[in-house]
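So the protein sequences, as listed, match chains B, F and L.
1 is the number of the first residue of the first sequence in the working numbering; add one for each residue after it.
970 is the number of the first residue of the second sequence in the working numbering; add one for each residue after it.
1058 is the number of the first residue of the third sequence in the working numbering; add one for each residue after it.
It cannot be assumed that every hint is accurate.
[As the list claims (entries may be wrong)] If we take Cβ atoms under 7 Å as the criterion, some of the chain B residues that face chain L in the derived model are:
no., residue
1, Glu77
2, Glu137
3, Leu139
4, Arg141
5, Ala144
6, Ile149
7, Trp153
8, Ala159
9, Tyr242
10, Asn510
11, Glu520
12, Gly558
13, Thr560
14, Pro564
15, Trp857
In case anyone wonders, no lab produced these hints; they're calculated from the structure.
We put the beta carbon where it would ideally sit given N, CA and C, even for glycine.
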Amino acid sequence: MTSRLDPQPLEWLDRSETRSFEFEGQHYIGFAGDSISSALLASGQTLLGRSFKYHRPRGAVTLANHDVNALFQSSEEPNIRGDVTPLAAGMQLTACNVNGSLAKDRDQIIGKLSRFLPVGFYYKTFHKPKKFFPLWERLIREKAGLGRIDTGWSVRRKAKTYGFCDLLVIGAGASGMQAALSAAEQGLDVVLVDENPQIGGSLDYQLVNEASAAVVRARLKHDVQNHTNIRVLPGHLACGWYTDHYVPLLGPDGIIKMRARAVISATGVMEQPAVFRNNDLPGVMMASGAQRLVARYAVKPGQRAVVLTANSEGYRAALDMVKAGVDVSAVIDMGSLAERGVWADELNALKIPVLERHTVYEAQGKEQLKRVVVAPFDGDKCDSRDAREFDADLLLMSVGWAPAAQLLYQAGGRLAYDSTLEQLLPQELPNGIFACGRLNGAFTLEQRLADGERAGAEAAAFLKGEPLIPALAACRDTQAHSHPWPIVDHPKGKNFVDFDEDLQLKDLVNAAKEGFDNIELMKRFSTVGMGPSQGKHANMNGIRVLAAVTGRSIDQTGSTTARPMFHPVPVQALAGRRFRPERLTALHPWHLDNGAQMMEAGVWMRPEFYGRPEERAQAILREVQAVRTGLGLIDVSTLGKIEVMGPDAGKLLDGTYTMRMSNIKLGMTRYALMVDDSGVIVDDGIVGRIAEDRFYVTATTSHADATFRTLSRHIVEWGLDVRLVNRTGTLAAMNLAGPHARKLLKPLTDIDLSEDNFPYLGLQEGTLCGVPVRLIRVGFVGELGYEIHLPVDAALQVWNTLMEQGAEYGIRPFGVEAQRVLRLEKGHIIVGQDTDGLTNPFEANMPWAVPLKTKPWFTGKPSLALLKERCQRSLRGFMLPQGYSGELPKECHLLIDNGDIAGRITSIAYSPSLGRYIGLAMVDQPLASSERMFQVRVDSGALVPLEPCSTPFYDAEGVRQTVDLTEVA
Amino acid sequence: MKVFDCPVIGRRPISEFDYVGEVRKPPMDADEASWAAYVFNRQGAPGLLREWWYHRPTGRWYVMERDTLKDEVVRFIDLEEVRYDIPA
Amino acid sequence: MPWRLLKYGLKSSHDEPRFFPESRPLKSHYDVVIIGGGGHGMACAYYLAKEHGITNVAVLEQGYIGGGNTGRNTTIVRSNYLTPEGVKFYDTSLKLFEDLSDDFDLNIFYSTRGHFTLAHTDSALRTMRWRAEVNKHHGIDSEVVDRDFIAKEVPYMDLDCAGHSPVMGALYHAPGAVARHDAVAWGYARGAYNRGVEIHQRTRVTGIRTQGDKVTGVETDRGFVSCNKVVSMVAGSTPRITSMLGLDTPIEIFPLQACVSEPVKPFMDTIVVSGSLHVYVSQSSRGEMVMGASVDPSVLHSTRSSFDFVEGLTDKMIDLFPFMSRMKVMRQWAGMSDITPDFAPIMGKTPIEGFYLDAGWGTWGFKATPVSGKTMAWTLANDRNHELIEPFRLSRFTDFDLVGEKGAASVGH
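The following block holds chain B by itself, in its conformation from the complex:
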């Protein structure tokens, strides 16, 4: 059986290309240009899906993505919307959310039980006794959800692009096209989008047989497609409106992030269902849905039709059905013929009976509409005693419209109910937002064109800064196209307000009666509008029902918030291409070539250690020993490196760091500790003086950008004459450390390395291996050490030379892990590991870095003055008892004192130099100040004793960082 019509004038089909596919195990054939639903309907398959809750049979309703009756599953994707998904050859589809098959869905039984499942029933049961709830929950969850995902599906990502325009016109129907032209004529750069694959909007399905529309259609389509100022983007969905006219457009190739300067919403109206018993049967359709089916896909929607209408559009639809060969038995008009105009006259001429002041009381049929029961209707209630029946397999509903105003709401627009049009209309729109067309109450073609012209001109005036007198209401219709109460009660119910959620009229009424009589509460309790259609076909009737129950007006009742997205948007399009920036030092390739295990350090990659993963511990030990006994070289290029220049440079650093920097001697450096306003440690590094008015500052890897930012802000707020240069990326740095450091460097540099000229903490400029460098005498790892700062492009050459020349001293590259051990032996903290989000310098055992008496001011000083006497904890060194061989404590294991938490280990490592485990712990008072043993609770729960001790653990006098090994020996 085929319902395919002869070629229609504006059909979307390419009949030269057939496409075969499978649905529920059956083979079907459609054309290129078909949607999944239209291809199935053309083949006579009118049952397209099952409803979410009661598993009722469902067919096509809107063909416009305003409902999700036709939802499909493939092996690639869940929840495929058949009405709008283009048919592709070879598709293998099944119905969504059925137990068994679409035809024999075992869960239809739930529909029979619907009387036992009143609105919000799940709140009122299943919870007693408590222990049974998990069982009920499993049952309920099994019935929840729609499609199935396969967790084995691979990732998909679609690239995004950026777009810019003066004016974005959303909706390429009559008013949208006219608006685009009107604005383009004013010289604006216009983008015109429509979610449909072809432009034209309702012109092409509702007015397809209207002779007067043909000329307009041809002109508009030609003009917008040929205007140099207009870019037309069919097949692009405006996902939502975001701040400052940022509108992502979802197209077949991904998302265009469109930035407009103004937006016109010409998004039209969404036809609303009449609410009567069995209004969800396959065969019951929106009139506009049937028109789409005929005009776009050349599918005959049924053989024998009844048309329910409350507007002139219903008569247009009836005429269109006649033209498509459908036998229209009757038109049921909820009002009177006198209001309907020329289309009604045309229909009358065909002698098709019209029942005025009647409505549909009930639809009948099992899996397909068989019969329509109509009865007199007084505008509010239906008198079922005078019911009449019509045999029909098609029932069209043309009872009213709701504006597709989602984007207007998102932009902060306000809509108000217009009792002339019986429709919500834009009342107040924010700057740069315009609306036109049926969305704005312009219904006749003339009105829509005039309204488009107006909106385009207003948008142009707005963008040119010309005076603007908005005339939002100028082109509106003066008669209603919606019925204020298209709703009929029925003692047996099944009169659905929300098809997604299987919500019947009584569900909403009962929700309101139970106190959920605020529109948002009703939504949340009944779930009206919460399904995948997001209320497109349900919210308006929901509001009408609530208004009626509460006796409030539509405006008093209000509406729920229309949040993005307009339609659901694929995650793969939202996510876009994967972009994970990494920063690599100039020595990165060397590290890889030499067996480094790399680790992430913020955005940087750093060598953790050199060697195979399975020999991690030995490798780290080897590296530590190399530094202690011979030489080690570590890449520290990730340090923040900032030049600070200008007459006020010293003042800037004095104000930013705890210690005074303005009195550092030329060629010397000082430890630099930064705290915030509340006295919490945020960064540390060193400050060195290059010249009277020039300093060189380092910062920790993770805080480098923030430190630069803080310094630059202080320049502004303190009004200083200072320039900063962030050299983090342009300078490499390496630390050569070990007793042979000086010996190795001496022949390679022109800098006088003698202790007198270049003492500990000194800073000198010169050349090394012919490369301009800055050398800094540092002591972080506790040996004679030189930090070498040099241009990135020379880093590899110098590194290689040092490695080669250092071979005779047993030089080894060392990584972050060895550095952690080495610094721990010296008792140096790592900010962020040994400190937390509230640690101040006193707690970190660095009172020497807080010159409260001698400095009049630095950021955080008043806080530290207060905190000095209130320290509740203190960083202490500890060692595991000599010879301890039990379970090892880990970082963040807790210190326990008298059964209470008394601190935690912040760092612990085996010290090869001491031959035992050492560590730092943040210890609460009073334990911190006592001489008692600490106890730490390890994984097994056992308490392990720790011997508190002073730091540094190693070379407390700091002899080694000043002298050569030979001199020590």
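Use these hints to put chains F and L onto chain B, whose structure you have.
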């Protein structure tokens, strides 16, 4: 996404900026309570707020007066206006 | 089929009692006015009536019941906090949650799912251990687990995160749960209403009257009501209320966004949070994936959505769950988070006599609903801070005695 129409650099998306928060001047001779109030308290209520915004790509600082209810920048503040002296 | 459902089905009419009262005039005086008809406000009203016999109480709500952050959060309940004060507080809350359905005779769908906080760096792993150790010390079921454990429990997660920032381990908190957020507010509201508390929706507080340093009443858009005690439980609107009294606080408002996918058949039982990737996800009883990230970076008193949020979230989410790239995002929304400098709430008495504060909930308000209501009710009844909330007093900011929760910061929903 929010766009700021900034002096010198023109229209820039908010994603290019770091938000550093309310502009405040530390009271130099405050008692404990007013110092603590400076450190922790903020003008949390909706309304006009002077805020620091750092434009990362150019390293420029802006102080904007923004309506935090409507998310609209009312004006750009001359940086001279937020300057204060620190004791040296 | 449960008996209750049979009963509904066999009755010819739907004569269920109202959950909440119809709109009625305000009285001229109440013993206690609660500003804010969200979960916290309703819980406070409920416990005032139930445990302290104080029923001359009005809850004033500018919108509708549970319409603020109660109805916008992602419904996660857990107690794996970092500080002892946080752990004790939230553990009390979790235990109250477990019995709420029974208490209310209303099913709040409290569902224990297990909660993973993933660690992608060794520093994150250290923080996880810290939290686990503090939790265990207080008898909370938390442990640091390795990749193998995670792979067994969440087999469909890509622990290598597509090759960047691989998962190194996690903090696993077995009692982590989700609940139907609206039902929590409704249950408390119904319970309070049935015990005589008045609930006034669409009633906006426009001012608070004081005499000296003492509260005397509340101005509303429906007129003045006098009262002895006022408690503000309004999360994102807190600064608007406190500014009426000239009371400065550290609270700043940042939007917190979330989104849901289209519903799919349940496949995910656990709750997964990744601090490093700034994402978290669970699957609702309707089958939607409920997803969120961290708060927006700048102050804003608005519940607008942003596209960059959903872009960033989905980008990171499919590193963990590649198959989710085939799903669709259905709806996004935002709430206004009242953030404090130490990521802990501000509760209890204030310098103004008769004015009490329950605020600073940041992104953790929902899970504290029962315990906040209970301890604030106690505090109001006794005019003395309940011991569980003493660490959260406003004066800690004057005393430089902050709560150390910041150590476990980043994303922690």
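Hints versus structure:
no.: 1; hint: Glu77; result: 5 Å, holds
no.: 2; hint: Glu137; result: 6 Å, holds
no.: 3; hint: Leu139; result: 11 Å, violated
no.: 4; hint: Arg141; result: 4 Å, holds
no.: 5; hint: Ala144; result: 4 Å, holds
no.: 6; hint: Ile149; result: 5 Å, holds
no.: 7; hint: Trp153; result: 4 Å, holds
no.: 8; hint: Ala159; result: 12 Å, violated
no.: 9; hint: Tyr242; result: 5 Å, holds
no.: 10; hint: Asn510; result: 5 Å, holds
no.: 11; hint: Glu520; result: 5 Å, holds
no.: 12; hint: Gly558; result: 10 Å, violated
no.: 13; hint: Thr560; result: 11 Å, violated
no.: 14; hint: Pro564; result: 5 Å, holds
no.: 15; hint: Trp857; result: 19 Å, violated
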